[in-house]
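Participant: Chain A is already provided as a structure; the job is to place chain B on it using the hints.
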Amino acid sequence: MTPAPALHLSGSARYDGAPVFGPLEFTAPAGTWTCLLGPSGVGKSTMLRLFAGLDSGVTFEGSLGAEDGAPLQDRIALMAQSDLLLEWRTVLDNVTLGAALRGAMPDTERALRVLTRVGLADHASKKPGALSGGQRQRVALARTLMEDRPVVLLDEPFSALDARNRSLMQDLSAELLAGRTVVQVTHDAAEAARMGDKILVMSQDRLTEVPPPATTPPRQFDAPDTLVYQGQLLRLLMETA
Amino acid sequence: MIGAARLLAAGILVLAIWQTVVWMTGVPSFLLPAPAKVAQTMWDSRALLAEHSVVTITEVLVGIVLGAGLGGLSAIGLAASPLARALMRPMLVLSQAIPVFALAPLLTLWLGFGLWSKVAMALIIIYFPVTSTFFDALMRTPPQMLELAKVMGATPRATMWKIRIPAALPGFTSGLRLAAVYAPIGAIIGEWVGASNGLGYLMLLANGRAKTDLMFAALIVLAVFTVCLHYAVDRGCTAALNRRLR
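Protein chains in written order, with the numbering used here: chain A, 1 to 241; chain B, 1001 to 1246.
Just chain A, with the same shape it has in the complex (with noise of 0.2 Å):
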C-alpha cells in the first residue's frame, strides 16, 4: 500500500441549480478516521462520491483531491451500505473481485488470510446466499482490505445490521483499516462517537468540528466519556438541523 494521503476538498455543490451543500472546507488528515455526522440530506454521500469520481449529476465548484498532489484514482476503495456481493460468486470470489474486474490474477492465497482475518476463512467457498447479514458485511469489508487502497471511504457501511453485528463490525474495521485514511459518512451520533478520530456535524452549509474524548477509538460505548460525546453529537445535530 502507498503512504496514506490526506484530503481536502473546499467548495460547494448544487443539484440542479439548488445548493447541495456549502460553501465550505472539509479535511481528512493522513492515516486517520474522520467521521462525517449529520441529518439525511445534507449532502455527506454526495461528497463521497465527489472523493470517489461518481457522478451524481452534483455541479461541484472548487478544489478537492489528495494534499499531496496525486489523483485519487486507484487509491480509493469504496463501502457501501449495502454490502453488493455478487450473488453467484463465492465468498472468496467475490473478495477477489477487484482483481477480476481489472483483468489480474487473483490471489487466492492473500484472499484466503484477509477472510481469516474478517473470521470467514471457513465460508470461502460458500455463495453469500447462504450468510447472515453480519457476515456479508464482513465479506465486503474483505473485498476492501484485498483491494489495498490507502483511502477508504465508508457510506454508512454498518446501518443495516442489528446493533450487536454493528458494534462488532466497528471494531473490527477499526482494527484493519489502521493506518488508512478514512472518511465515514454516519447519521448515528454513537458510531461517530465509537469511531472518530475527528468529528465533523455536517448541515448545509457548514462543518463544525468537535473535538472527541481523548481516548483512541474504537472507543468503549459504554465508557461515560464516549456516552457523553454521544450526547453532545446528538444535541448538536437536534440545533443545526
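What the hints contain is simulated information worked out from the structure, not anything from laboratory work. No residue lacks a Cβ here, since even glycine has one placed at the ideal position from N, Cα and C. There could be a bad hint or two in this list.
Label pairs and their computed distance ranges (CB to CB) [unchecked claim]: (1) A:Ala178 to B:Leu1073: 47 to 53 Å; (2) B:Leu1073 to A:Asp16: 37 to 43 Å; (3) A:Thr108 to B:Ala1050: 15 to 21 Å; (4) B:Val1065 to A:Ala178: 52 to 58 Å; (5) A:Asp107 to B:Ala1009: 56 to 62 Å; (6) A:Arg110 to B:Val1224: 53 to 59 Å; (7) B:Arg1089 to A:Ser159: 38 to 44 Å; (8) B:Lys1037 to A:Gly129: 51 to 57 Å; (9) A:Ala18 to B:Pro1156: 29 to 35 Å.
Facilitator: Below, chain B alone, put in the same frame as chain A:
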C-alpha cells in the same frame, strides 16, 4: 408433481367437453371427430405422425438455439454500445410492425421448402422477445454495483462479462421461456406456406382431404410437444438459476 396433476386434470376436462359436444350436437365426423376416433387415428398413424413430428421438432429446436444465441448477442451488443442502441432500437421496433406471417412466403422463396425457411420463421418470431427481455435486464444492473466496479478500476469488458451479464441472466431466461412457446408457432406458419413435410404440412394435407381426425391428431401432437418444451425450458432455467446461487 402438482403442476403435472393440474395439467392432466385440465386435459381430461377438455376431452370431456369435446366428447359432450360431439354427443349432444351429433356433428358429422369430418367437421368434429370424437376424441376416441382421434385417439384411434393417432395410434394407427403413429409412424406418419412421428416422421413429421421429428421434422417440426428439429425446426423448433434449431430455431430456438439460433434465435436465443442471436438475440443474446444482440442484447449484449446493444447494452455495450450506445451507438448500436441509437441505430438498432428504431429498427427493432420497426421490425415488429411487420407481421411475421407476411414474411413467410418471402422466406420460403429465399430459403426454399426445406428446414431453413422454417428455422428462420421460428428465429424471427423469438428474436425480439429474447433480445428485448435480456437487453432490459442488462440495462438494469444495480447502479451501486457499477460504481463499485468503477472505483475498483474495472474495464468495461470485465464489467459486462463479470457483473452485467450474470446479473441479467434471469432476464435472459424469461426470454427463453417466451421463445419456447413462440417458436413452434413460427415453424408451423413456415410449414403452412410451403413445405413437403412437418406437422403443419400434415395438417394442411389432412384438411385438404377432409381427414379431420388426422388434422386433430397432428394438432394434439404439436400441443403436447409445445407444453413439454415449455415445461422443460421453464424447469431447466429455474434449476440453472438456483444452482448458481448455491
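Participant: Next step is simple, just say for each hint if it's right about the structure.
Facilitator: Right, here's what the structure says about each hint:
For the pair Ala178 of chain A and Leu1073 of chain B, the beta carbons lie near 48 Å from each other, so the given range of 47 to 53 Å is met. Under the hint 37 to 43 Å, the C-beta atoms of Leu1073 of chain B and Asp16 of chain A, about 39 Å apart, fit the expected range. Distance hint check for Thr108 of chain A and Ala1050 of chain B: the Cβ-Cβ separation is about 53 Å, which falls outside the suggested range of 15 to 21 Å. Separation of Val1065 of chain B from Ala178 of chain A is about 55 Å and conforms to the stated range, judged on CB atoms against 52 to 58 Å.
The beta-carbon spacing between Asp107 of chain A and Ala1009 of chain B, approximately 58 Å, falls within the hinted interval of 56 to 62 Å. Range check, Arg110 of chain A to Val1224 of chain B: about 56 Å between beta-carbon atoms, so the 53 to 59 Å window is met. Between Arg1089 of chain B and Ser159 of chain A the CB atoms are about 39 Å apart, so this pair conforms to the stated range of 38 to 44 Å. Checking the proposed 51 to 57 Å range against Lys1037 of chain B and Gly129 of chain A shows it holds: the Cβ atoms sit about 54 Å from each other.
A hinted range of 29 to 35 Å holds for the C-beta pair Ala18 of chain A and Pro1156 of chain B, which are about 33 Å apart.
Hint compliance for this structure: hint 3 is the single one not met.
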